[in-house]
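Can you build the whole structure from these sequences, using the hints too?
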Amino acid sequence: MSTAAITLDVSCGLRFGGAGALVYKPVSAGEFSAVEEDVDGLLRAAAKESGSEVESKTDEFGYEWIVVRDKDLEDVVTSVHAAASELEARGFGGQLLAAVFRFEGKDADKPVYWVYGYKTGTFWPFVPAGKEQQRDNAEELELKAKLEHELPVEQDLTRWFGLFGAPI
Amino acid sequence: MKRKALGRDAGLTVRMLITTGLLGLLYVVFAVVLFNVFNVGLAPMIVIVVAIALFQYYTSDKLALAAAGAKVVSPDEAPELHAMVERLCALAGLPKPKVAIMDTDVPNAFATGRSPKHAAVCVTTGIWRRLDAREMEGVLAHELSHIANRDVLIMTVASFFAMLAGLLTRFGLYAGMWGGGGFGGGSNRDNNNNQIPVWLIVLVVSIVVYAVSFVLIRTLSRYREYTADRGSALLTGAPEYLMSALQKISGEMARIPQRDLREVQSMSAFFIVPPSIKAATAELLMDHPPLEKRLAALAEIAREMGRPVGP
Chain A
31 MSTAAITLDV SCGLRFGGAG ALVYKPVSAG EFSAVEEDVD GLLRAAAKES
81 GSEVESKTDE FGYEWIVVRD KDLEDVVTSV HAAASELEAR GFGGQLLAAV
131 FRFEGKDADK PVYWVYGYKT GTFWPFVPAG KEQQRDNAEE LELKAKLEHE
181 LPVEQDLTRW FGLFGAPI
Chain B
11 MKRKALGRDA GLTVRMLITT GLLGLLYVVF AVVLFNVFNV GLAPMIVIVV
61 AIALFQYYTS DKLALAAAGA KVVSPDEAPE LHAMVERLCA LAGLPKPKVA
111 IMDTDVPNAF ATGRSPKHAA VCVTTGIWRR LDAREMEGVL AHELSHIANR
161 DVLIMTVASF FAMLAGLLTR FGLYAGMWGG GGFGGGSNRD NNNNQIPVWL
211 IVLVVSIVVY AVSFVLIRTL SRYREYTADR GSALLTGAPE YLMSALQKIS
261 GEMARIPQRD LREVQSMSAF FIVPPSIKAA TAELLMDHPP LEKRLAALAE
311 IAREMGRPVG P
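Chains as they are written, first to last, in our numbering: chain A, 31 to 198; chain B, 11 to 321.
What the hints contain is simulated information worked out from the structure, not anything from laboratory work.
Virtual Cβ for every residue (Gly too), placed ideally from N, Cα, C.
One should not assume that every hint holds.
What the hints assert, rightly or not - List time: in silico DSBU-like cross-link candidates among lysine-lysine, alpha-carbon distance up to 30 Å:
| hint | chain 1 | residue 1 | chain 2 | residue 2 |
| --- | --- | --- | --- | --- |
| 1 | A | K140 | A | K101 |
| 2 | B | K303 | A | K149 |
| 3 | B | K81 | B | K108 |
| 4 | A | K149 | B | K258 |
| 5 | A | K101 | A | K55 |
| 6 | A | K55 | A | K149 |
| 7 | B | K258 | B | K81 |
| 8 | B | K258 | A | K140 |
| 9 | A | K87 | A | K55 |
| 10 | A | K101 | A | K87 |
| 11 | A | K136 | B | K258 |
| 12 | A | K140 | A | K87 |
Stated by the list, open to error - Label pairs and their in silico Cβ distance ranges:
| hint | chain 1 | residue 1 | chain 2 | residue 2 | range |
| --- | --- | --- | --- | --- | --- |
| 13 | B | A306 | A | G195 | 29 to 37 Å |
| 14 | A | E118 | B | R144 | 42 to 50 Å |
| 15 | A | T188 | B | I164 | 33 to 41 Å |
| 16 | A | Q164 | B | G247 | 21 to 29 Å |
| 17 | B | A76 | A | G160 | 42 to 50 Å |
| 18 | A | G160 | B | E90 | 36 to 44 Å |
| 19 | A | K136 | B | E302 | 31 to 39 Å |
| 20 | B | D113 | A | E118 | 28 to 36 Å |
| 21 | A | G135 | B | E90 | 40 to 48 Å |
| 22 | A | S32 | B | E314 | 22 to 30 Å |
| 23 | B | I164 | A | K55 | 55 to 63 Å |
| 24 | B | I164 | A | D186 | 34 to 42 Å |
| 25 | A | Q163 | B | I164 | 42 to 50 Å |
Rendered as structure tokens:
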């Protein structure tokens with residue numbers, strides 16, 4: 031992701047937008063709550079060190095978002111990865127949906143998201159186009175073309191699902 | 011400064027030359043076989059085919075438009091479309107072709123005409139409605155590249171012998187049905203004793219020539235499409251719009267889903283389905299390259315354009 035960020039900056043004029051998140055589906059089991067608490071504790075400890083902010087959110091689809099805010103992409107990636115690894119190590123890897131990273135161009139209100147799908151192990155771009163459930167496919171295809179060599183970009187376009195209303 | 015063809019690509023040019031060469035070779039072999047098997051009756055046939063080809067060539071713009079049911083529109087009737095074509099023609103150094111609109115929801119566009127001076131571009135109302143201005147520009151630039159590259163001429167010449175072979179196949183069939191006497195003025199009676207009938211040889215050769223030339227013409231056509239895509243990318247300077255237009259036109263833009271990842275997650279089996287396996291043989295018969303390959307080629311151009319120009 032870090033080398034990709036350089037390419038994004040140089041050839042697309044996009045900079046890291048200071049936020050990333052891990053999205054997962056919670057399970058209503060006592061054991062899972064314990065794991066969640068551990069992950070939370072782990073992240074807050076890491077956050078204190080790196081100076082990032084961590085918050086948890088539940089969205090309208092019933093998914094949990096662990097949002098990490100930090101100016102440094104590296105710190106965000108590390109935190110998100112740590113949280114995901116912890117969930118995987120405790121046997122809840124199947125609950126992981128995606129990791130999302132926010133990028134911005136000159137216009138901070140028009141974010142570009144890079145989504146990492148845990149089910150496919152690939153990245154894809156997601157550029158919401160202002161209106162409800164609309165996305166900028168031209169921009170997304172351009173991003174794919176430019177980043178293909180640095181990132182494992184999902185080649186099957188039918189899997190480029192969006193994350194509308196992402197809280198980051 | 012005059013640009014003869016938009017966007018030269020060395021690899022593509024070589025492949026195109028090889029395909030054209032193979033086509034030429036095939037026709038020479040075909041001609042030799044024809045001349046050896048009989049010496050009469052060939053001339054009238056060629057005259058007919060040449061006449062048809064010439065007719066097709068000289069009327070290609072009007073013929074194609076009429077066949078498609080397209081209507082040539084004036085700048086007053088379609089000011090935006092005319093302005094767009096004018097702008098692109100100015101950029102490409104082409105005379106402005108006739109502009110036609112076809113009233114159908116099927117998103118499509120085509121160019122026709124034997125030379126840049128006798129050309130026409132046609133778009134359907136469906137494509138005009140679906141694409142935004144920059145995507146439309148990409149598509150029009152693709153069609154104008156076809157005109158600049160004289161693709162109608164190239165394809166007419168390439169199809170010429172295939173047509174001849176097709177005609178001969180039919181003649182051969184008729185001749186066979188009428189007892190071999192109706193062909194070439196019935197002058198091959200001496201060959202008829204204990205030999206394979208002439209019409210059968212002609213029939214077989216023609217069928218083979220037709221089949222092989224069909225594949226080769228399709229291959230050539232696919233290369234022309236790549237070249238026109240490249241021309242469009244260089245002309246508009248923004249291949250990504252042609253890419254998104256291509257996706258929309260082929261109904262493939264729907265491939266980038268409008269749905270949310272969280273909505274579809276329950277159908278987890280979805281993610282295990284392997285991408286559909288396409289037979290390579292099917293591609294041989296298509297006159298347009300598969301979308302994935304066109305997009306990949308355009309993506310490559312986009313990357314090339316993204317690089318700074320060398321010293």
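Output the numbers, in ascending order, of every earlier hint that fails for this structure. Those not satisfied are hints 18, 20, 21.
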